[in-house]
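Asker: If you're matching them up, the sequences are chains S and E in order. Taking the numbering used here, the leading residue of the first sequence gets 1375, the next gets one more, and so forth. Taking the numbering used here, the leading residue of the second sequence gets 1375, the next gets one more, and so forth.
Don't take each hint at face value.
To be verified - Computed footprint of chain E on chain S, listed as stretches where at least three residues anywhere in the stretch have a Cβ under 8 angstroms from a Cβ of chain E:
#, stretch
1, 1390 to 1398
2, 1738 to 1744
3, 1772 to 1786
4, 1790 to 1804
I should point out that these hints are in silico values taken from the structure, not numbers from a laboratory. We treat Cβ as the ideally placed atom computed from N, Cα and C, and that holds for glycine.
Number of protein chains: 2
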Amino acid sequence: MHSVKEIAQQAKSAGKTLATLESQKKNAILQLFADKIDGSVAELMKVNSRDVADAVSAALNSALIDRLRLTDAKIHQMADAVRQVSSLPEPVGHVLRHTLLDDGLILRQIAVPYGTVAAIVESRPDAVVQLMSLMMKSSNALIVKAGQEATHTVKLIQRFMHESLLQHGVPCSSVTVVHGREAVAELLKLDSLIDLVIPRGSKELVQYVQRNTRIPVLGHADGICHVYVDTDADLQMATRIIIDAKTQAPSACNAVETVLVHRNALEWIPVLVTALKQCGVRVNGCSQTVAIAGVDCVTLITEDSDWAVEYGELAVAIKIVSDLEAAMAHIRTFGSRHTDAIITANAATAERFLHEVDSANVVHNASTRFSDGYRYGLGAEVGISTGKLPPRGPVGLDGLVTYKWVLCGNGHVSAQYQGVDAKPFKHVPLPLSSPAR
Amino acid sequence: MHSVKEIAQQAKSAGKTLATLESQKKNAILQLFADKIDGSVAELMKVNSRDVADAVSAALNSALIDRLRLTDAKIHQMADAVRQVSSLPEPVGHVLRHTLLDDGLILRQIAVPYGTVAAIVESRPDAVVQLMSLMMKSSNALIVKAGQEATHTVKLIQRFMHESLLQHGVPCSSVTVVHGREAVAELLKLDSLIDLVIPRGSKELVQYVQRNTRIPVLGHADGICHVYVDTDADLQMATRIIIDAKTQAPSACNAVETVLVHRNALEWIPVLVTALKQCGVRVNGCSQTVAIAGVDCVTLITEDSDWAVEYGELAVAIKIVSDLEAAMAHIRTFGSRHTDAIITANAATAERFLHEVDSANVVHNASTRFSDGYRYGLGAEVGISTGKLPPRGPVGLDGLVTYKWVLCGNGHVSAQYQGVDAKPFKHVPLPLSSPAR
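Work the whole structure out from these sequences, hints included.
Answerer: Right, here's the structure in full:
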């Protein structure tokens, strides 16, 4: 058994091999990985049923057990997702900037992998598979700390990946699964070996990671998304979008938590509340909402801090606001800069909202649920970042590479370009190029 | 007098105005700012001489006083630098990705300013002018904490900027200079108001900032740059490049600190040491270097930690290494991921070095001194980042914007695209566009 530090050292070293792998080879590894997954349905189901049985006897909550449990269909979806990643464009090696500084002195800004990524995920086997394939495609070594509940399933998935790597002569240390809570604390200390941490799980996990490491963290603690229904909204559209944004996947981070309604649309509140109730949604609200919809239908929100709650279930909050300004002020105060939407037929109002709301994703006349790497056409995502700096929002392959500056000369010294008789730089843009492999 | 927090609140609010300013207006403000600077040489010299006199009587070190002191030429250079920034391409508003997700459902990834940037700089008035112009051009509000020594000069520069802003109806709170050490600690706490911190100064300052804030930090603590002289190096070229990299600006972060020499080039060591000595460079070295060049010429390095020293003056360290591997291992252990160079005529060796050395800038057969935003053709830079994530290396205007995802539909809900009868996404790329202003 290697220590977490040794694993990270080996991952860093494997990362160098990954960084120079041709696209073809990476894609072949992914194809093989996919074939092993959907060629081993029976074996996967067998080990997974052990994990599920353990989870049931440990009385874990049913939502978690659902996410842990594999089905024939889920296994095929997992394999298809890997194949889809393998078919995405190569993210490494692009020349992003190419400049002739002077004769014989050429600068290239080149897309390169981060190096080693540590991911901390809960029990979803499909999340592990997706991470493994995205990191392989982007040439990053991966250390994934998986939930204890999924031990047997994830071990088998790791074996499939290792077999695929070995068959192509790539070190297994490119992808390692670690277990146990202690591993998290150890990983977070390794800022000289690990280049990025991706925590996927509860708000508490993400905040713990953010507060306890000097490694850059990609993720979001909260998904407190808003839909603002403007005075100029098509209210039927608003109802439809809110129902979708709340009920289509209530535990998703891009589900709506708070609906802000312009006071001119007061009469529509009972319609909305009824529609929500029919979908089994619990409704909380401000005093005005309670007054209109009735105390039987809406629970009064008494504490300001309750507006910053991510329900993550079939529950929503409604607040009446006086205007666009008040809606945006609410979002600024209680939002989490994830995804916020406006429903309005007024183009100027929409423009102001899209422009001024400082969230990774802003939406006009559509559901917040679209903010997702797959839906955005990024192929797949490792998560959604609510930080201000890139990568921001849904992070796909493009967000899993950074760049370096490569300068080649033939004896150039800088003194020539300085002082009274300074030689001028040419700064001629040269053609950009995509990785030819 | 406003508190730092109030200043930051006003900056955040001003940032919204800045974000929508047309290029033309921003450029006009910068032109006016430049005109005021070189139209006020006498006034600038007068206030600056007060600062210089204070610095002299406070017995501040002469290098600092040099950087603080304005001359007629320096003032014109400052103004020209502002004009140059105004002539750079607009960094805000570009559509970086534009996709038709489905009929009527259109996604844009748009370049937007960070919002509010806090910069902590020492006494150089030209650094303050450059920051002000880059932030105006990139539509970021700026709070700059300037060195106490430059108080009068920087106050006048601020007045020029405020007059330029006012003449175009833009709030003065877009750019504010604050003073005093307490201001730094206060700024670092304001992670809900400030989006990026740029510390420019000593290693201690940068490390203090990195350790004491949750705001993203752009910068570098160390500039420990290496030149590796390979067995296949043109040794005359190597001497020329090393002399340039060390002596052209010894205190610059991209100056070389350690020269690594392949053991096959042992005989050249005395040549190099002599050349360095002739330029007034103090030489430290490993025991082999001392043995070859003599204890009179080279001081023995006894502590491993001395290889991680940034001299920042006319001093350099020399180490004999057994091969490329050993050179790269040394850089990995003692380097600061800033700028590292290889001198070799062997293309394969160069390729390995450029590929495997994990620094923001890697250089082949040229001086480390080229790693600089202006020389790279980025127009100007706010600093060099040694972090792994973008912006990495010299950060110009492109590194002062982030992006947001803007999705516009006409009532689209996500449920349609999920499940058994899922509607497929179209994901048709649409034309990209530059800001039309």
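Asker: Now, for every hint given, state plainly whether the structure supports it.
Answerer: Here is what the structure says about each hint:
1. 1390 to 1398: holds (count 3)
2. 1738 to 1744: holds (count 6)
3. 1772 to 1786: Check passed, 11 qualifying residues.
4. 1790 to 1804: holds (count 4)
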